Amino acid sequence: MLSLYRPGAGLLHRLPAGPKLLLLLAVVLAVSLLPSTWWAAAVAAGAAIVAYAVAGLRDGMLGMRELGRQVVALRWLIVVTIAAQLIFLGPEQAVSNTARVTAAVVLAGLLVLTTRVSDLLDAVERGLRPLDRLRFDSERAAVLLTVALTTVPVLGRLAGEVREAQRARGARPGLRFFAVPFLILSLKHADQLGEALSARGVR
Amino acid sequence: MTGATPAPLPAAAAALWLDGVGVRLGQVDALRDVSLALDARTIAVVGENGSGKSTFARLLAGLVAPATGVTRILGLDPVRQATELRRRVAVVFSNPDAQIVMPTVAEDVAFSLRPERLSREELRRRVDAALERFGLSDLRERSSHDLSGGQKQLLALAGAFVREPELVVADEPTTYLDARNARRVSDHLLADAGHRLVLVTHDLALAERCETAVLFAGGRVEAVGRPAEVIAEYEAALAC
Chain A
904 MLSLYRPGAG LLHRLPAGPK LLLLLAVVLA VSLLPSTWWA AAVAAGAAIV AYAVAGLRDG
964 MLGMRELGRQ VVALRWLIVV TIAAQLIFLG PEQAVSNTAR VTAAVVLAGL LVLTTRVSDL
1024 LDAVERGLRP LDRLRFDSER AAVLLTVALT TVPVLGRLAG EVREAQRARG ARPGLRFFAV
1084 PFLILSLKHA DQLGEALSAR GVR
Chain B
7 MTGATPAPLP AAAAALWLDG VGVRLGQVDA LRDVSLALDA RTIAVVGENG SGKSTFARLL
67 AGLVAPATGV TRILGLDPVR QATELRRRVA VVFSNPDAQI VMPTVAEDVA FSLRPERLSR
127 EELRRRVDAA LERFGLSDLR ERSSHDLSGG QKQLLALAGA FVREPELVVA DEPTTYLDAR
187 NARRVSDHLL ADAGHRLVLV THDLALAERC ETAVLFAGGR VEAVGRPAEV IAEYEAALAC
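The listed protein sequences derive, respectively, from chains A and B.
When you read off a place in the first sequence, starting at 1, and then add 903, the result is the number in the working numbering.
When you read off a place in the second sequence, starting at 1, and then add 6, the result is the number in the working numbering.
You may find that some hints are simply not true.
[To be verified] Okay, the calculated beta carbon distance ranges per label pair:
hint: 1; chain 1: A; residue 1: 1063; chain 2: B; residue 2: 181; range: 15 to 23 Å
hint: 2; chain 1: A; residue 1: 1086; chain 2: B; residue 2: 32; range: 15 to 23 Å
hint: 3; chain 1: B; residue 1: 76; chain 2: A; residue 2: 1091; range: 27 to 35 Å
hint: 4; chain 1: B; residue 1: 189; chain 2: A; residue 2: 975; range: 43 to 51 Å
[Unchecked claim] One side of the interface only, derived from the structure: several residues of chain B facing chain A at Cβ under 10 Å:
hint: 5; residue: 96
hint: 6; residue: 110
hint: 7; residue: 112
hint: 8; residue: 119
hint: 9; residue: 121
hint: 10; residue: 147
hint: 11; residue: 150
hint: 12; residue: 165
[What the hints assert, rightly or not] Which residues of chain B face chain A? A partial, calculated answer using Cβ under 7 Å:
hint: 13; residue: 67
hint: 14; residue: 69
hint: 15; residue: 92
hint: 16; residue: 97
hint: 17; residue: 104
hint: 18; residue: 105
hint: 19; residue: 108
hint: 20; residue: 113
hint: 21; residue: 118
In case anyone wonders, no lab produced these hints; they're calculated from the structure.
Keep in mind that this is a model prediction, so the values were computed, not measured.
C-beta atoms are modelled at their ideal positions from N, C-alpha and C, and glycine is treated no differently.
Could you put the whole structure together from the sequences, leaning on the hints where they help?
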């Protein structure tokens, strides 16, 4: 289950989910729009470092341990992005673009690190509520987003179970023998989750 | 039907009242001509796999619609008054993993109260009380999916009971649990906390702890009455 939230009492933890979402969106947008230069790479990296430092993540290293963890999680994205651009664009643009993408992702990550999913759910629902006048169901949309967010790791667990079952029966790993049981398990989970949501009063 | 069948109650008096009810799932008649009037506080539902027990449980919770007959659950029509019914009925399924929606224990319990639009203080009070009742207070910030099987089912119970339901429908809630956790979960379900219970189970010892039992076979009600008598009839059928 997606449980990235880190309890804390820092500046970002105290900020309500809605304004925090808009603030981080603005910072991510600003970082994304920087030019492809050496100084832009430094500004993007600096923005991420400052944001994690003031977030109050209580990791014993002023947010740097958590920032490091997030960057390590993105290692393959960084490798692929920088390698491809080094070949076609040269070092300055490759480093700058990669730094901006990485900074944007880790800055966006601050939202889930400092906000409970339930607060996000409330904020998304409040934000979408004006659309209800256009026959849009903001409550359902917010629940849908939350369920999608929290189901990703469940699907990961189901995939692990299918692989284990295959190994236990001596089957060779292969997409064909993986896809069908995984799809069936996922659909079964979706059915059960749908029933559980209905039973808990979700329309 | 067994001789232990109680005299029919009028619709207004019985908590669960079904008259000639049928439920069709795809091409299969999952329930056929079910007529029941039950007013006991705890009701066990037993029968073989595919006998219609789970469909009956889903019918009571308004999760499947009857194709024929008349159904009244707590005096409500499960089709026309589905929203009200779901407010008053809580369901606990056998697989706790499929019932968890939110990432942490406290958030998952609070999720059950979203439709009630409570103030933050009231929400906190109700969630705290539910966590305390099911021994989950120390786990409130834990990741829901990192809990053990028994803890997950207790979380499912907390999510169900936090809504203070009038009727709890539990569909094989102890299937995945060890003996100790099965005992804890069933004790919570059977405790008199102002709710009625419909307990679908293969555990005949657990069924015996209920006030009334219903035996299903082939989508029909085969027997209704005191658990010992209904279970004896079930075991006689199994021996054939």
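Against the structure, the hints:
1. Evaluation of the 15 to 23 Å hint for residue 1063 of chain A and residue 181 of chain B yields a pass: the beta carbon distance comes to about 22 Å.
2. Between residue 1086 of chain A and residue 32 of chain B the Cβ separation comes to about 19 Å, which falls inside the hinted range of 15 to 23 Å.
3. Separation of residue 76 of chain B from residue 1091 of chain A is about 32 Å and conforms to the stated range, judged on CB atoms against 27 to 35 Å.
4. Against the hinted window of 43 to 51 Å, the Cβ-Cβ separation of residue 189 of chain B and residue 975 of chain A comes to about 44 Å, which satisfies the hint.
5. Annotation: interface hint on residue 96 of chain B holds; nearest CB of chain A at approximately 7 Å, less than 10 Å.
6. Checking residue 110 of chain B against chain A: minimum C-beta separation of about 6 Å stays under 10 Å; hint holds.
7. Contact between residue 112 of chain B and chain A, as hinted, is supported at the beta carbon level, the nearest pair being about 9 Å apart and thus within 10 Å.
8. A least Cβ separation of about 9 Å between residue 119 of chain B and chain A falls short of the 10 Å threshold, and the interface hint therefore holds.
9. Given the 10 Å rule on beta carbons, the hint for residue 121 of chain B holds: about 4 Å separates it from the nearest Cβ of chain A.
10. The criterion of a C-beta within 10 Å of any C-beta in chain A is met by residue 147 of chain B, whose closest approach is roughly 6 Å, and the hint holds.
11. Evaluation of the residue 150 of chain B hint against chain A yields a held restraint, the C-beta minimum of about 6 Å falling below 10 Å.
12. Given the 10 Å rule on beta carbons, the hint for residue 165 of chain B holds: about 7 Å separates it from the nearest Cβ of chain A.
13. Annotation: residue 67 of chain B was flagged as interfacial toward chain A, and the flag holds, the nearest CB pair being 6 Å apart, inside 7 Å.
14. Taken as an interface hint, residue 69 of chain B checks out: its beta carbon lies about 6 Å from the nearest beta carbon of chain A, inside 7 Å.
15. At a threshold of 7 Å, the smallest CB-CB gap from residue 92 of chain B to chain A is about 5 Å, leaving the interface hint in force.
16. Checking residue 97 of chain B against chain A by beta carbon gives a least distance of about 4 Å; that is within 7 Å, so the hint holds.
17. Nearest Cβ of chain A to the Cβ of residue 104 of chain B: about 3 Å, under the 7 Å cut. The hint holds.
18. With its C-beta approaching chain A no nearer than about 4 Å, residue 105 of chain B sits inside the 7 Å limit, and its interface hint holds.
19. About 6 Å separates the beta-carbon of residue 108 of chain B from the nearest beta-carbon of chain A, less than 7 Å, and the hint is met.
20. Evaluation of the residue 113 of chain B hint against chain A yields a held restraint, the C-beta minimum of about 5 Å falling below 7 Å.
21. Proximity of residue 118 of chain B to chain A holds as hinted, the smallest CB-CB distance being about 5 Å (cut-off 7 Å).
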